[in-house]
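Heads up: the protein sequence lines correspond to chains A and B, in order. Going by this note's numbering, 166 is the number at position 166 of the first sequence; the sequence numbering is gapless. Going by this note's numbering, 174 is the number at position 174 of the second sequence; the sequence numbering is gapless.
It is worth saying that the hints were derived from the structure and are not from the lab. Just so you know, not all the hints are guaranteed correct.
Simulated pairs of lysine-lysine, DSS-like, Cα-Cα distance not exceeding 25 Å [said to hold, decoys possible]: (1) K40/A <-> K81/A; (2) K42/A <-> K245/A; (3) K8/B <-> K80/A; (4) K80/A <-> K66/B; (5) K168/B <-> K203/B; (6) K28/B <-> K66/B; (7) K67/A <-> K42/A; (8) K196/B <-> K215/B; (9) K181/B <-> K191/A; (10) K86/A <-> K40/A; (11) K92/B <-> K181/B; (12) K154/A <-> K66/B; (13) K11/A <-> K81/A; (14) K191/A <-> K215/B; (15) K80/A <-> K199/B; (16) K154/A <-> K80/A; (17) K191/A <-> K372/A; (18) K154/A <-> K23/B; (19) K196/B <-> K181/B; (20) K23/B <-> K81/A; (21) K245/A <-> K191/A.
Which residues of chain B face chain A? A partial, calculated answer using Cβ under 8 Å [said to hold, decoys possible]: (22) P22; (23) D46; (24) Q50; (25) V78.
Quick caveat, the model's predicted, so the values are computed rather than measured. Note that beta-carbon positions come from the ideal geometry of N, C-alpha and C, so glycine has one too.
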Amino acid sequence: MDKTPPTLPRKSATFDDYTLSEIRRAAITGIYDIRGGGAKRKLPHFDDLLFLGASISRYPLEGYREKCGTNVVLGTRHAKKPIELKIPITIAGMSFGSLSAQAKEALGRGATIAGTSTTTGDGGMTPEERGQSKTLVYQYLPSRYGMNPDDLRKADAIEVVIGQGAKPGGGGMLLGQKISDRVAAMRCLPKGIDQRSACRHPDWTGPDDLEIKINELREITNWEKPIYVKIGGARPYYDVALAVKAGADVVVLDGMQGGTAATQEVFIEHVGQPTLACIRPAVRALQELGMHRKVQLIVSGGIRNGADVAKALALGVDAVSIGTAALVALGDNDPHLEAEYNALGTTAGAYDDWHEGRDPAGITTQDPGLAKRLDPVKAGRRLSNYLKVMTLEAQTIARANGKSHVHNLEPEDLCALTIEAAAMAQVPLAGTDWIPGRSGY
Amino acid sequence: MNEIDLHKVGVRGINSHLHNLPKNTNEKHWIIHNPMGQHSIACGIDAPLQIDIRGHVGFYCGGMNKDAELTIHGHAGVGTAENMMSGVVWVKGNSSESAGATGNGGLLVIDGDASSRCGISMKGIDIVVGGSVGHMSAFMAQRGNLVVCGDAGDALGDSIYEARLYVKGKVASLGADCIEKEMHAEHLADLERLLKAAKRKEKPSEFRRYGSARKLYNFSVDHADAY
């Protein structure tokens, strides 16, 4: 018993294994880490909220019998032809270039079966995507890759992209290995070179100019199409107010969990606010301007299931948008490809080197051999199934809270599990009537 | 010849009228009076019309133009002929920032000066400026020709791709990855064609050519200082 008991080897919480590996990688390569996806760190999120349900003080609706509406109309403020979706879940903008043509087609098919919209991305509109998408939102981005008035008129709505949650304030880069002949031709650039996407629009600066730009787009399209303005989760209160002032019909707000095709890891994890933190300031801006529900608010970034949908709607959002989850439904990061992910030095569920174009699932690639692995019809069906499940889940929660439409959900139906989430969502901490930041403390 | 008074029908009235003309209309020549510096005049035209605008215009005049020939008998605001696809937009006076931005095709002529960011992200348009252009002109310019008969401001052609830049006067400075290049016969021929189309008296031999060094085409950490 006189032997001194050894202490266990102890790793640093500050210098954890991931941090150490990144220091070593940086030291060898001299280049910052680039990856796809959104913030992976643990953040206050919808999981930190709970619905209260109904009992005596609230009256529930019958789960499988009583109607619970899910439709949403977008673009009622100025557009002659607002769009109506059956469900309040849309497909976020993802480019042909970052995604294969098959993946874009599958997104269009899935969205159309489910009765919702899909969105182009930085790289123009493909005929496959237009053909398979009943309702297609055409993004108007700083790069203007592939932008032309014919496609603008073919679109059902136009989304002026100011920023995205993964990198508010950042542009984009499609690395040379994903620039096939077709992608290069659509972007008017040589094959194989890195294609930068600017972080600012080339012909307007600031909110006053944005108003003029939006008016130009309306003039070109005869005031028919809803015009969305998409922003990253930077300063949602002010940015939403300015988007409304500039004339937006719809504001799309993307929190830091929202994915990107590729950007610096340091940008994804350290710039921007969590989705949960963005919603209430955005809704407050709309309410103060008297525009809540008149200018519709779409929120994206980390929406995974019907509970997330219901919680976002309860906080005042009109619809949500999914990107990462939609790719997973198509087949991204599927465990059946584990051996191939291992060969790429990763594992199913963690694969995020989308910019390299070697996706074994055939989604984030331009390699014809890999891309043809994805069957757009089957993948589209998986997406529509998933969208329907999310919708059913949101309806289940809405009925349990006595709501005949998912838009009738309200903050009063929620409580928070953590003080942080209570402060961000401005709902009481569970078991208390305390909303941090209100009533003087 | 048909005449429209913007003061009476507004921008919407003018654009709506021009957009709704049948493709095979015989009413091809239009004169717009009293433009009053308004924005988005004659944008999104998709027909071989001849349009004369008698006065100054605001932002985005001739934006996304296809096939039409627009003449602005005055000065123009920001983003003249932005994202033009084809046709001609001719500014008799000066043009403000971002003239011809992201243009895919057609010809933009500015008899006077253009401001900063002229030809930014141009994708195939030809631009001839009789006077000078401001800073950051041809930023990230992808394709097409920018001809400047006067001087160019700072950071000309910053992060340029494959567009060709011709400047007769002084260049205040070149942007990242933009260098002076040799003028070959094909460039002189191109320049002659463009000067003639813009009714300029300058000779191609008076110009110097600038374009991409192509060193930033694929990211390398050793070029980080260039950004």
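Outcome of the hint check:
1. K40/A <-> K81/A: With a Cα-Cα distance of about 38 Å, the restraint between K40/A and K81/A is violated, given a limit of 25 Å.
2. K42/A <-> K245/A: The given pair, whose Cα atoms are some 34 Å apart, is violated under the 25 Å limit.
3. K8/B <-> K80/A: 23 Å, holds
4. K80/A <-> K66/B: With Cα atoms ~24 Å apart, K80/A and K66/B stay inside 25 Å; holds.
5. K168/B <-> K203/B: 9 Å, holds
6. K28/B <-> K66/B: With Cα atoms ~14 Å apart, K28/B and K66/B stay inside 25 Å; holds.
7. K67/A <-> K42/A: 37 Å, violated
8. K196/B <-> K215/B: 33 Å, violated
9. K181/B <-> K191/A: 22 Å, holds
10. K86/A <-> K40/A: 31 Å, violated
11. K92/B <-> K181/B: Status violated; Cα separation ~30 Å.
12. K154/A <-> K66/B: 16 Å, holds
13. K11/A <-> K81/A: With a Cα-Cα distance of about 60 Å, the restraint between K11/A and K81/A is violated, given a limit of 25 Å.
14. K191/A <-> K215/B: 15 Å, holds
15. K80/A <-> K199/B: 43 Å, violated
16. K154/A <-> K80/A: Status holds; Cα separation ~15 Å.
17. K191/A <-> K372/A: 21 Å, holds
18. K154/A <-> K23/B: 18 Å, holds
19. K196/B <-> K181/B: 22 Å, holds
20. K23/B <-> K81/A: 24 Å, holds
21. K245/A <-> K191/A: 40 Å, violated
22. P22: For P22/B, the interface hint is violated, since the closest Cβ of chain A sits about 16 Å away, which is over 8 Å.
23. D46: Since the shortest Cβ distance to chain A is 7 Å, the answer is holds.
24. Q50: 19 Å, violated
25. V78: 6 Å, holds
Hint violations for this structure: numbers 1, 2, 7, 8, 10, 11, 13, 15, 21, 22, 24, all remaining hints satisfied.
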